[in-house]
Amino acid sequence: MTLADPRELAAADLGTALDEVPAGPPRGGFRAALRRLWRHRSGKIGGGLVALIVFCAIFAPWLTPYDPLKLDMIDRLQPPSWSHWLGTDELGRDLLTRVIYGTRYMLLVSCVATAIGATGGILLGLLASAGGKWTDMAVMRIVDIMLAFPYILLLLAIIAILGPSLVTALVAVGVASMPGYARLVRGEALSVRESEYVEAMRVLGAGNWRITFGTVLPNIASPLVIYTSYTMPLAVLSAAALSFLGLGAQPPLPEWGAMLVQSRSFLRTASWVVAAPGFAIFFAILGLNLLGNALRDVLDPKART
Amino acid sequence: MTALLSMEEVSVHYPVKGGVLRRPTSWVKAVDEVTLSIAPGETLGLVGESGCGKSTLGRAVLGLRDLAKGRITFDGQELKNLSALDTRALRRDMQLIFQDPYASLDPHATIGATIRAGLDIHRIGSRAERAERVTETMRQVGLDPSLADRYPHEFSGGMRQRVVMARALVLRPRLVVCDEPTSALDVSIQSQILNLLKDLQDELGLTYLFISHNLAVVEHMADRVAVMYLGRIVEVAPRAALFAAPRHPYTQALMQAIPQPDPARRTPPPLTGDIPSPDDLPQGCRFRGRCPYAMARCAEAEPPLLGREHRAACWLVEEESTR
Amino acid sequence: MSELLQVEGLKTHFQTESGLVRAVDGVDLSVNEGEVLGLVGESGSGKTITALSLIRLVSPPGKIVAGRVMFGGQDLLQASEREMVQLRGDRISMVFQQPKASLNPVRRVGAQIAELFIHHRGASRRAAMNQAVELLARVGIPAPERKALAYPHELSGGQAQRVMIAMALALKPRLLIADEPTTALDVTIQAQILDLLRELCRDTGTAMILVTHDLGVIAQTADRVSVMYAGQIVEERPVARLFDDPRHPYTRALLASMPVQGRVAPRLGAIPGSVPPPGRMPAACRFAPRCAVRAERNMTICTHEMPALYPVEGGVSRCWCDAPAEATT
Chain U
0 MTLADPRELA
10 AADLGTALDE
20 VPAGPPRGGF
30 RAALRRLWRH
40 RSGKIGGGLV
50 ALIVFCAIFA
60 PWLTPYDPLK
70 LDMIDRLQPP
80 SWSHWLGTDE
90 LGRDLLTRVI
100 YGTRYMLLVS
110 CVATAIGATG
120 GILLGLLASA
130 GGKWTDMAVM
140 RIVDIMLAFP
150 YILLLLAIIA
160 ILGPSLVTAL
170 VAVGVASMPG
180 YARLVRGEAL
190 SVRESEYVEA
200 MRVLGAGNWR
210 ITFGTVLPNI
220 ASPLVIYTSY
230 TMPLAVLSAA
240 ALSFLGLGAQ
250 PPLPEWGAML
260 VQSRSFLRTA
270 SWVVAAPGFA
280 IFFAILGLNL
290 LGNALRDVLD
300 PKART
Chain V
0 MTALLSMEEV
10 SVHYPVKGGV
20 LRRPTSWVKA
30 VDEVTLSIAP
40 GETLGLVGES
50 GCGKSTLGRA
60 VLGLRDLAKG
70 RITFDGQELK
80 NLSALDTRAL
90 RRDMQLIFQD
100 PYASLDPHAT
110 IGATIRAGLD
120 IHRIGSRAER
130 AERVTETMRQ
140 VGLDPSLADR
150 YPHEFSGGMR
160 QRVVMARALV
170 LRPRLVVCDE
180 PTSALDVSIQ
190 SQILNLLKDL
200 QDELGLTYLF
210 ISHNLAVVEH
220 MADRVAVMYL
230 GRIVEVAPRA
240 ALFAAPRHPY
250 TQALMQAIPQ
260 PDPARRTPPP
270 LTGDIPSPDD
280 LPQGCRFRGR
290 CPYAMARCAE
300 AEPPLLGREH
310 RAACWLVEEE
320 STR
Chain Z
0 MSELLQVEGL
10 KTHFQTESGL
20 VRAVDGVDLS
30 VNEGEVLGLV
40 GESGSGKTIT
50 ALSLIRLVSP
60 PGKIVAGRVM
70 FGGQDLLQAS
80 EREMVQLRGD
90 RISMVFQQPK
100 ASLNPVRRVG
110 AQIAELFIHH
120 RGASRRAAMN
130 QAVELLARVG
140 IPAPERKALA
150 YPHELSGGQA
160 QRVMIAMALA
170 LKPRLLIADE
180 PTTALDVTIQ
190 AQILDLLREL
200 CRDTGTAMIL
210 VTHDLGVIAQ
220 TADRVSVMYA
230 GQIVEERPVA
240 RLFDDPRHPY
250 TRALLASMPV
260 QGRVAPRLGA
270 IPGSVPPPGR
280 MPAACRFAPR
290 CAVRAERNMT
300 ICTHEMPALY
310 PVEGGVSRCW
320 CDAPAEATT
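Protein chains in written order, with numbering that gives the first Met the number 0: chain U, 0 to 304; chain V, 0 to 322; chain Z, 0 to 328.
These are computed hints drawn from the structure, not numbers from a lab.
All residues carry an ideal CB built from backbone N, CA and C; glycine is no exception.
Please note: incorrect hints may appear among the correct ones.
As the list claims (entries may be wrong) - Computed list of chain Z residues with no C-beta within reach of chain V, every gap over 12 angstroms:
id, residue
1, G25
2, S58
3, M83
4, S123
5, M128
Claimed, not checked - Stretches of chain Z that chain V covers, calculated by requiring three or more beta carbons in the stretch to come under 8 angstroms of a beta carbon on chain V:
id, region
6, 2 to 11
7, 178 to 192
8, 257 to 264
9, 267 to 274
10, 277 to 285
Just need the whole structure built from these sequences, with the hints factored in.
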């Protein structure tokens, strides 16, 4: 072997890599993910359904001439028509209007309950992962006990303590979803804490607090978003079920579960009364699930094909 | 010259967990009574094959592993006796450059934030001063400072390794443990990084503990070389002496085993047999199972490091000197 | 020496989110009977994709889009999938970098080897098992009867690679493709495995394509060498010629950047920058942006036109410096 020309060495020996610059503007993982989501087929459908719900919730008063609560004894149990697209219920209220206003409760439930569950669960999970052996043991035993309860029983127990109302239902659904979050967060956080970039933070002198919230939390965001996409539809369904059992939102609120229970005796004579809130729940859950699947495909590189 | 870092009979043990209860059933001596020192401004090369404990020793120096035995002193202070505050202060003096530039960078932090982390943690300077220092350090490692808001996934392995170096150097450490800093890189990139490490040493007066499995790389980088085998130092000597006349049979074999880029010199494999598992070491010298010169004496007792400046843990060294 | 394998104009492309990646872009190779061809390149050079393309094991979104792979009078790219299944492991076999990942973790290694004899040669279970033990002994596994009953996780990395080699050479293939067979191993074990590969290929008359990034491994093992850069062959020479007198500037720079034992220089030669990312491949010579020779001689043709493979002593080189005078004008 011959050593290369000394001038060649000198030219190669700049010791810099300034010539190597990534193409394009700086891009975070987030925007790339959004772009991939937009290209995803079921992501488009799910996103569209969810966007429609949000739109309805915001612009409800402008979308319909009727009042969701005002009784109209003359127009009781009208089948779908040009003036009442989905018909009216047994108290003469326009069903489309109530379904549209119902989106507000649906969003309230899914966002607030999920926020309660996620915040509590994340804090518990991070505490378990960062707090040392005994803290971990204590937190996880509590989580295990909560998980050992049948889900619906847990909800009922919490409502029994707080009394039935919409707010109670929100809190109950939220609290019931905490242990799932806690367990997920602990597992993901422990594996991130094993990583070399966390070790690098330790070498730099970072404390537990900074490592947990500055490094670990951002790095478990993707699985958390995916998990949330699974729990949200469950929260909507649970809240509707609680209302149906009379333990959540109370009539005359246009909450879909409450609408169902109120009208269930007219199932045979005026099926549209039940169909309207029923299909509303169906499409809402479908939208959330499709969006969730798409999010998983987009954010989880292991599941991507 | 007084040593900047000295290790005295340092041992690190790992539990071997077994059974249903995952209780430790035995201990692996990953690092077994290692005594070494590094002078200020010096590069000590630490060579060995996978599982020999070289990375564990590097981590132990940084206080990331608990010592089963022995003591480590940095600049006259013993690491174990330091208060939490002093340990934090010490973090500024000792840094680590990782092997894998893909695993050791936080994928969700911009490279600017990654490099700045040390300054943030130790609350050094104002916001503007920190930004200034980040820019300066990025220039030193050959990174364009305008790339500070990019994410690691946008960079190649060599560029990422520069980020890893900048992160370590931003605190102006005195000792840097380089744990296989180029083994994950292509040869052409490896030489860029090795040259850069040398330049930075001259420029910043750094002391390196340079860990590698590659003897050729260590020869290029180190002033002194220590060879590790299954948790022990088997040979330690100034670079030139070691490469001119390796004394330990393991070092000799290691040198011969490196495939030379010279088709005219094709060498047969110097060693037969596998590396024994560190939790099941033979009695006596731990190399004797693979050693072409093994004698009866090797089975009886483990040789200590023999010799003065060029020391090797082999009974042959003693016989040579008495003859 | 007769030609065993001939590859012409092989192109394998990947359709990715960020565009078309020409991982292998017009590769020509040839392997003679019983010869060891070294295929050397850095990461991203396309050497592994080339090797996988030869036996059509490129996984989607990768696709072989052009070329011919002539083996035993047949174009493998035109063969049916069924013929390929017959061929792989029998007449052409492979050894991979991660031996443990290539072995079935829940089956005993002896049974995995024996299966080859049963499937391809119709041997009885007992005869196949005996042959498997014999093979294990042949590749230097101590206590082969006992190790035949071991599961892959009970083997060391070196032993697992020996088992992989045993499987690859079990049916005495005409060609062995070894993709970084020693990269995951320690140097002392690497030396043993390379020696074993060389020896077994010589004994069975098997030709080998040794894919590696390590020029040292190439120097110790190969007869002829093809150097790859950015999806193309840039130089192809007999091994002694390549190391004595490398022609392509990339090969030269690569050799200069290797730290060599016993030759301590204050600085190593380095190639500035890195391999261009797939989307921004130079249209002309792909090495031009990093090439010291181009910079020094201020050659403009390098950035305007792609050089072909020009004959040099013993082989070919893809560099305008080696082009005959009429080609450059």
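According to the definition I'm using, a residue is off the interface if its beta carbon is farther than 12 angstroms from all beta carbons of the partner; does Z/M83 meet that for chain V?
The claim holds: Z/M83 sits with its nearest Cβ about 32 angstroms from chain V, beyond 12 angstroms.
Chain V covers the region 257 to 264 of chain Z, three or more CB atoms within 8 angstroms, holds or violated
holds (count 7)
12 angstroms Cβ clearance of Z/G25 from chain V
Correct as stated: the minimum Cβ-Cβ distance to chain V is 22 angstroms, above 12 angstroms.
Say whether it holds or is violated: Z/S123 keeps its Cβ farther than 12 angstroms from all Cβ of chain V.
33 angstroms, holds
Examine the region 178 to 192 of chain Z for residues whose CB is less than 8 angstroms from any CB of chain V, and state whether their number is three or more.
holds (count 7)
For the region 267 to 274 of chain Z, does the count of residues with a C-beta closer than 8 angstroms to a C-beta of chain V reach 3?
holds (count 7)
Cut-off 8 angstroms, C-beta pairs, minimum 3 residues; does the coverage of the region 277 to 285 of chain Z by chain V stand?
Since three or more residues must qualify, the claim that chain V covers the region 277 to 285 of chain Z is violated, with 0 doing so at under 8 angstroms.
Does Z/M128 sit more than 12 angstroms from chain V, CB to CB?
Consistent with the label, Z/M128 stays out of reach of chain V, its closest Cβ about 24 angstroms off (over 12 angstroms).
Chain V covers the region 2 to 11 of chain Z, three or more CB atoms within 8 angstroms, holds or violated:
Check failed, 0 qualifying residues.
For Z/S58, is the shortest beta carbon distance to chain V beyond 12 angstroms?
21 angstroms, holds
Violation of the numbered hints given earlier is confined to hints 6 and 10; the remaining hints are satisfied by the structure.
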